[in-house]
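Position 52, counted from 1, in the sequence shown is what the UniProt record's numbering calls 52; the numbers after and before it change by one each time, with no gaps.
Careful, some of the hints might be misleading.
[Claimed, not checked] Calculated pairs, DSBU-like style, for lysine-lysine (alpha carbon to alpha carbon, straight line, at most 30 Å):
1) LYS211 - LYS236
2) LYS470 - LYS497
3) LYS340 - LYS385
4) LYS562 - LYS280
5) LYS605 - LYS497
6) LYS736 - LYS776
7) LYS385 - LYS497
8) LYS212 - LYS280
9) LYS559 - LYS771
10) LYS419 - LYS62
11) LYS562 - LYS786
12) LYS178 - LYS60
13) LYS403 - LYS330
[Said to hold, decoys possible] Pairwise CB distance ranges, derived in the manner of DEER restraints:
14) ASN785 - GLY682: 52 to 58 Å
15) THR351 - LYS211: 18 to 24 Å
16) ASP13 - SER161: 17 to 23 Å
17) LYS211 - GLU493: 39 to 45 Å
18) ASN461 - VAL665: 38 to 44 Å
19) THR351 - GLN750: 45 to 51 Å
Bear in mind the hints are in silico, worked out from the structure with no lab data behind them. All C-beta atoms, glycine included, are put in the ideal place defined by N, C-alpha and C.
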Amino acid sequence: MLLKNKILPSEQDYLNIVSSFAIDLLKMNTIDEIIWHAAKNVVAKLGFEDVVIYLYNERKSKLIQAATYGNKNPCEEDILSPLEITLGQGIVGQVALSQQARIIADTRLETSYIVDDEVRLSELTVPMVVDGKLIGVIDSEHPQANFYDEEQLKVVMAIASMMATQISHFDMVIQLEKVIDKLEYSSKIQDSLFEIAELIFTTDNIQTFYKKLHKAISRLTFANNFYIALLAEDEKSFLIPYCVDEKDGLIENEQHSLEGGIPSISGYVLQSNLPLLINKEQIEERVANGEICIIGSIPEAWLGVPFGDESLRGIVVVQSYASGYIFTEKDEQLLSFVAKHIHNAIERMQTKSDLQFLALHDPLTQLPNRLLFSDRVEQAIVRTKRNNNGLIAVLFLDLDRFKQVNDTYGHYIGDQLLKTIATRIQGCIRASDTLCRLGGDEFAVLLENIRSKRDVEKIVNYIIEAVQQKVSFDKGNINTSTSVGVTFYEHGEISTKDLLIQADEAMYRAKLNGRNQAFYYEASDEESYSASYRLERDFLSAIAQEDLYLVFQPIIDLKLGKICSAEALIRWHHHEHGLLAPDLFLPELHRSGYLPDLDIYVFEKAMAFITAHKAQLGDDFCLNINISGQGFSEPKLMEKIQHYYQYSSHLLSHLCIEITEQTIVDNVEATQKTIEQLHTMGVKVALDDFGTGYSSLSYINHFTFNILKIDRSFINNLIKGPNNTIILETIIQLSKSLGIKTVAEGIETQSQFNSLKQLNCDKGQGYYMVKPVTSKELAQLLIENKQFN
């Protein structure tokens, strides 16, 4: 037995042991050094057979065996399976709980004694405590009863006190270092997150953003090999927009399928949407099991963390080919934390990129818009001046009768037609040329480095032929055509604005000449045929000579089947071009600022009709007139209405002014004020073309309309599915709840008429009941009180 024949230490020996330990303690740098030194070199000198030192684990609330010496550990090896004791369990647990040392003279008399490897008859147990805090326990057992005495107890208590103080100090230092490390690490993360957030504002394109993002990640973890993968919207594939790899250069923005076969390691993480930390051996095992496949070299370590939500999903990946660096759970936690911010940054950067794109492109066709087109024309002029060769041609194209397509088939089909036409035009020009959508149904083309005007004529003819080819949809075939205006630039001084105006003038002249043709602008004839100039001149002349006149489309009470009101429609019989449709001259009048003059003309003609036919009009009859946004906010029109209110107010009860949603959008406050003034004078107000755009439902709640005119696109879709009926029924019921009468526009079939009647729509107008008529014909219809069922 160890130290069996050794003479027990004297009192001086005890003092030397304590003193020596105190000196040695000053040289020690770790807790392990302290406890193993105490076990081997101090306690053994007391003549003990064995000793066990326990340290208290606050997280577990248990004493953990930390060092042993003597019979219980004769080889002086580290403890592989340390014993754990709960507070209050056995003599050791009781001493720890009470923080009071004990000498057990005879363990056979102690019920709380616990046998570990063999029975020993006496035990000495001393707590290590500092400032009331338990640090651990020193425990020694001996096969002889009554082996331990008070002197030994005092020595062990002194050693325990010194150990507790030093261990507490070291533990405090360790905790402080951890706190400092954590703070430094948190600061490092915080700095990186700020850097990532700032990238949105400091980078102009997505690739530069990815590079700087990579640099920020590199400050947090080993990222020599780094890539980002983004899941496609259909979730059937993914692409890698950014990649840096020491061995394999993955092709950026290449699509990788997720359908069929064994997924790549990136695809695996994208599909599982869970982080994956894996080493080379584990990768090879999964490859062998057919779980994943590897594209390129197998890394020593791979870490991928998913990010995102339904709108944007992806993964951020770091990998290492060096055996000296293996990623840890700490790296995973870090990347998981940062990944959330990467998602936000990428999403915002993509939004920024999308906004920049939308600022210069048409959202429907993705073509350059007017702003970008103007810039390209300007650059083309500069290049032509500098090189002093070649020819520039600018084409303006307008689809003929496009409004009829929208009215007949709805705006969705109209949009699809625009996209199809855009594709066809693109196929007629070179890759170096620019096709632009100006807005609505208007396109523009820039042709550079043209050798001759004849080449332009060929391209224009190709475009006209391509556009007039029928377009097939589920609802049938659509035939359309285009009017093209062409202008050239070869040399001299001209502004981009003037060149575009020339193309626009030429296009308008092509429409005046009969549509489906081209007109070529010639500067030498500018005065003689400037379309806008002539239109403005002819408009003023038409008003003076009353070449502008009204026709009336009756509006039917669907319940009674009788005429209850009518809509006044403007017509222009041009002395040179014959009857001009409103969609031909109204846009030009809008551009030239003459619409308010037309509005006043229409108002006066409408009041003249009401005055002349007052006897035939029922008390509830209303004549609707369309007033433009420009005219609605003009003081002149309000002055005219106020004049009637002052002298013939009873006539205004038969007047209803129709405005569009665009009028509201242009000036909400002014529109609201004007509507209130009109109501005060007894004039009714209708919201026209309801449902063609903007947030219409909010308008009928916030503006005091008398009538809601439902756009014909809703009526056309009425019989095409239950959803369309539900939408229409909702509009009608909501209007009724607000006290607003509903008018359905564009009724052209018996089925539409019957359906609207069943849905309790108040009124309707359309060719099915009656086409527009003259003032005399309307008066006769009112006299006859004709029935429409």
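- Is the straight-line distance between the alpha-carbon of LYS562 and that of LYS786 30 Å or less? Holds. LYS562 to LYS786 sits at ~6 Å (cutoff 30 Å).
- Item | LYS340 paired with LYS385 [C-alpha distance capped at 30 Å] | 52 Å, violated
- Message: If I claimed the Cβ atoms of THR351 and GLN750 lie 45 to 51 Å apart, would that claim hold in this structure?
- Response: 50 Å, holds
- Task: With respect to the beta-carbon atoms only, verify the hint that ASN785 and GLY682 lie 52 to 58 Å apart.
- Result: 25 Å, violated
- Has the given pair, LYS385 with LYS497, been kept, meaning a C-alpha gap of at most 30 Å? 17 Å, holds
- Query: Is the Cα-Cα distance between LYS605 and LYS497 30 Å or less?
  - Reply: 38 Å, violated
- Message: Check whether the Cα positions of LYS178 and LYS60 lie no farther apart than 30 Å.
- Response: The hint holds at about 19 Å.
- Holds or violated: are the alpha carbons of LYS419 and LYS62 at most 30 Å from each other? 74 Å, violated
- Is the hinted pair LYS403 and LYS330 satisfied, with a Cα-Cα distance of at most 30 Å? With a Cα-Cα distance of about 63 Å, the restraint between LYS403 and LYS330 is violated, given a limit of 30 Å.
- Task: Would you check the hint for LYS212 and LYS280, treating anything up to 30 Å between C-alpha atoms as holding?
- Result: 29 Å, holds
- Item | Distance restraint hint 17 to 23 Å, applied to the beta-carbon atoms of ASP13 and SER161 | 19 Å, holds
- Straight-line alpha-carbon gap LYS470 to LYS497, limit 30 Å: 34 Å, violated
This entry does not satisfy hints 2, 3, 4, 5, 6, 10, 13 and 14, going by the numbered hints stated previously.
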